[in-house]
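Read top to bottom, the protein sequences are chains A and B.
FYI, the numbering for the first sequence is 516 to 985, going by our numbering.
FYI, the numbering for the second sequence is 516 to 985, going by our numbering.
Only true hints are included.
The following residues of chain B were derived to be distant from chain A, with all beta-carbon distances above 10 Å:
#1 604
#2 748
#3 875
#4 916
#5 944
Some chain B residues flagged as far from chain A (calculated, every beta-carbon gap over 12 Å):
#6 519
#7 527
#8 539
#9 571
#10 654
#11 658
#12 751
#13 843
#14 878
#15 905
#16 974
Result set (EDC-like, lysine to aspartate or glutamate): computed pairs, CA atoms no more than 16 Å apart in a straight line:
#17 A:738 to A:828
#18 A:861 to B:621
#19 B:861 to A:621
No lab work stands behind these hints, which were simulated from the structure alone.
Glycine is no exception: its CB is placed at the ideal position from the N, C-alpha and C atoms.
What follows is the residue order along each chain.
There are 2 protein chains.
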Amino acid sequence: MVIDELRRVLGADKVLTDEASRAGRRRDSWVPSQLADADRSGEPLPCCVVRPSTLSDVIDVVNVCRAARAPLVPFGLGSGVCGGVLVSADSVVLDMGAMNRVREIDTHNLTASFDAGVRGSDAEAQVQARGLMLGHYPQSIGISSVGGWVATRAAGQFSTAYGSIEDIILSLEAVLPNGEVIETRRTPRASSGPDLRHLLLGSEGTLGVVTGVTLSVRRLPEKRTGAAFFVRSMDDGFAVQREILQRGFQPPVLRQYDAVESERMFGAYARSGDGLLVVVHEGPAARVDAEVAGVAGIAAQMGAEPASAKAADHWLAERNHVPTFGQFFENGIVLDTIEIAALWDKVGPIYRAAIAALGAVPGILTASAHSSHGYRSGLNLYFTFVARPEERSDMKATYLECWRSVMRATVEGGGGISHHHGIGRIRREWLRSELGDGGVALLRTVKQALDPDGFMNPGVLIPEERTNDE
Amino acid sequence: MVIDELRRVLGADKVLTDEASRAGRRRDSWVPSQLADADRSGEPLPCCVVRPSTLSDVIDVVNVCRAARAPLVPFGLGSGVCGGVLVSADSVVLDMGAMNRVREIDTHNLTASFDAGVRGSDAEAQVQARGLMLGHYPQSIGISSVGGWVATRAAGQFSTAYGSIEDIILSLEAVLPNGEVIETRRTPRASSGPDLRHLLLGSEGTLGVVTGVTLSVRRLPEKRTGAAFFVRSMDDGFAVQREILQRGFQPPVLRQYDAVESERMFGAYARSGDGLLVVVHEGPAARVDAEVAGVAGIAAQMGAEPASAKAADHWLAERNHVPTFGQFFENGIVLDTIEIAALWDKVGPIYRAAIAALGAVPGILTASAHSSHGYRSGLNLYFTFVARPEERSDMKATYLECWRSVMRATVEGGGGISHHHGIGRIRREWLRSELGDGGVALLRTVKQALDPDGFMNPGVLIPEERTNDE
Chain A
516 MVIDELRRVL GADKVLTDEA SRAGRRRDSW VPSQLADADR SGEPLPCCVV RPSTLSDVID
576 VVNVCRAARA PLVPFGLGSG VCGGVLVSAD SVVLDMGAMN RVREIDTHNL TASFDAGVRG
636 SDAEAQVQAR GLMLGHYPQS IGISSVGGWV ATRAAGQFST AYGSIEDIIL SLEAVLPNGE
696 VIETRRTPRA SSGPDLRHLL LGSEGTLGVV TGVTLSVRRL PEKRTGAAFF VRSMDDGFAV
756 QREILQRGFQ PPVLRQYDAV ESERMFGAYA RSGDGLLVVV HEGPAARVDA EVAGVAGIAA
816 QMGAEPASAK AADHWLAERN HVPTFGQFFE NGIVLDTIEI AALWDKVGPI YRAAIAALGA
876 VPGILTASAH SSHGYRSGLN LYFTFVARPE ERSDMKATYL ECWRSVMRAT VEGGGGISHH
936 HGIGRIRREW LRSELGDGGV ALLRTVKQAL DPDGFMNPGV LIPEERTNDE
Chain B
516 MVIDELRRVL GADKVLTDEA SRAGRRRDSW VPSQLADADR SGEPLPCCVV RPSTLSDVID
576 VVNVCRAARA PLVPFGLGSG VCGGVLVSAD SVVLDMGAMN RVREIDTHNL TASFDAGVRG
636 SDAEAQVQAR GLMLGHYPQS IGISSVGGWV ATRAAGQFST AYGSIEDIIL SLEAVLPNGE
696 VIETRRTPRA SSGPDLRHLL LGSEGTLGVV TGVTLSVRRL PEKRTGAAFF VRSMDDGFAV
756 QREILQRGFQ PPVLRQYDAV ESERMFGAYA RSGDGLLVVV HEGPAARVDA EVAGVAGIAA
816 QMGAEPASAK AADHWLAERN HVPTFGQFFE NGIVLDTIEI AALWDKVGPI YRAAIAALGA
876 VPGILTASAH SSHGYRSGLN LYFTFVARPE ERSDMKATYL ECWRSVMRAT VEGGGGISHH
936 HGIGRIRREW LRSELGDGGV ALLRTVKQAL DPDGFMNPGV LIPEERTNDE
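Please build the complete structure, drawing on both the sequences and the hints.
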């Protein structure tokens, strides 16, 4: 029995079988899982939760589960929103929360090494105490782990200048499904074969367990300042953002809200019918000043009137608030966010198509979007939908219909189906549209090679094999 | 017979068997291969050279060679310097030079798509004609191909601001060893599972054939200006570079030459005994001005005296000159460059250890280095050695001893063994030090899964399996 074997190798204190521990880690924050819990619909609990405290513990867990063919479900801090964590009754949940040491902070090389289970906000506090910053600020920073960022290919709010997790990670340590450890070299850049970090980045627990992460951090900036502009339409705002980025400016934060969200999020700083473009500049003071003037000049030239810079301060103050949905669900309201990405010429059409499609879903209350990550080639869109179906029992169906609306508009519009939340279970059926048959086959080949027993987080990310008659 | 089958599927005109064609593609620009040619030492020629002109041709070649178990050796433009291309008598060389269409240049999204065989300088000329630039400028731009940049994980001279090929590539198309095609989605960023582009980036022909590449290009900068500073020692210069980069400045070019190279490369702009730090700034004019002042301020504060900015102009004018070594070889002189990377606290010790080790090689004439790519966490070093062994027949042995000296100093000093030239044959035995046993095993697992027949560029990159008694 896998529990006995885990107790034998780890010690009984690291193997939890009480109902509260099992219930607390049976899922991430995916809406259908939350709905199931709210309905007390008897969703399964895992057979046990293991809490390794060392790399060697993780190796043991992987080896025991592989030998026992027990589904092993890695769990960071449970903030995922795509169903990347969900158990069956025979699952072993690998809770990384007890592997939470800060390993080393190096102010000379600007590197910071953490156990995978370190909470993001703890990591940031630790480096800030040394005058540094991570530069990676997902909204979930207070409820997500450093290892989770790697496993899901996370992006932070300051990514437009500082990049996403793949640009900030220097090296990683991971346990592969066969129990072997890889630790990539801490070097600024390498041309030493394929970058093996990328097999783990975005693998969502299917190709291994990330146990340690070294980030390439930054000194705290000399200056930070905000700005905001009114944009008359999403297309107008996209044009302004494109000009800012393609002219070579890189403010870390560049967020554009449609009229619905501007009013909802910015109240007094919003102007009815207009969208808002919010900017945060950071860096050496003189360079920030040049960038502020450059961005303001582009906005003026393109007819985007200045709004109060307090809109940026407001955003900075509120940015880590993660709303909880429980109250909504109790009132029969279902809601979620969906992020996608696209090239500049596709982002406007996808915005309109997705909002229109959401608007046609029975029971829809609001459908809105903002962008939050900009690139030379395009940007992301972050949709929010709120719906109240007539029948409470239709909440999940309504939820899925809203997701289908946005995914369909994205795929048909030539966009990418996920900017930074990942695939999990909710996007799995759409991954074939994203990767193509060749890409899915390649992913399946790699999965089969690394995890021939298929015990690592089954049901997540990787589409089922196609049957012949499809 | 593989030649007959290739002629049947491709047409006879795409299958070259004349001696000149076979001799011209039997190798890249690796020094031992050049030495062998100079010695006319009867190195083998491939059985044939195929010149596909379409994706479908490449698929056919891959399928024929796999079925025939014929070693397939992809060949871009042959500028590699690590022995990534070298044939045996039964090899089929896949010369990508005839797949050289510019597929699309998109000035709205700033994307440029090329067949893999397009010459770098042709690609740059094509985008420049539209007011754009690639932002990727390897010294070899006139003799290397876009697909070769991907296959080797190349870095360009402007990487300190613009990133290396993995930061500039938007999507790729490739033929896998099983004949299937993957084409990754053109989207600015994705969290859709592991980034499959990274299985091809740096794969050096062992995991597939890159057939098409889309780059995320840039508008030409509003302003470019250069600067230069004298540094009294390499450590002094490293400290200045570290301060520039860690304070948040990112000039695209930041190159530091030791005293030997300063005098050799910059003549009248050098000062005896000092090193030179050469900077090129690019971007919006006001931001460039802020960066110029910021960098000059740091240099002044740290005691690096201004040198003539003409040193930067001189470098810009000379930067794409690739020296040929033939004349040296004829005179019994062997020489090469070796690039590595390391964190800031390791780069000084590695520099000294490598220069000392090179200095102890019998017949050494000069050993020198510069840095050419800077990061928050460290930088690269680019060593040059020139040696004349007493016996002409010792040239290859002397060459290998110089390489061993630098590789050993790098590995013992905790650096990364290759910054941007790749592994090929020359670094293959050192890859285990870089990736660890776990990393090498993982790479071998992926290779075995994608190319179970082992016909894709055998002998390159991937270390041999260890025997039990090692």
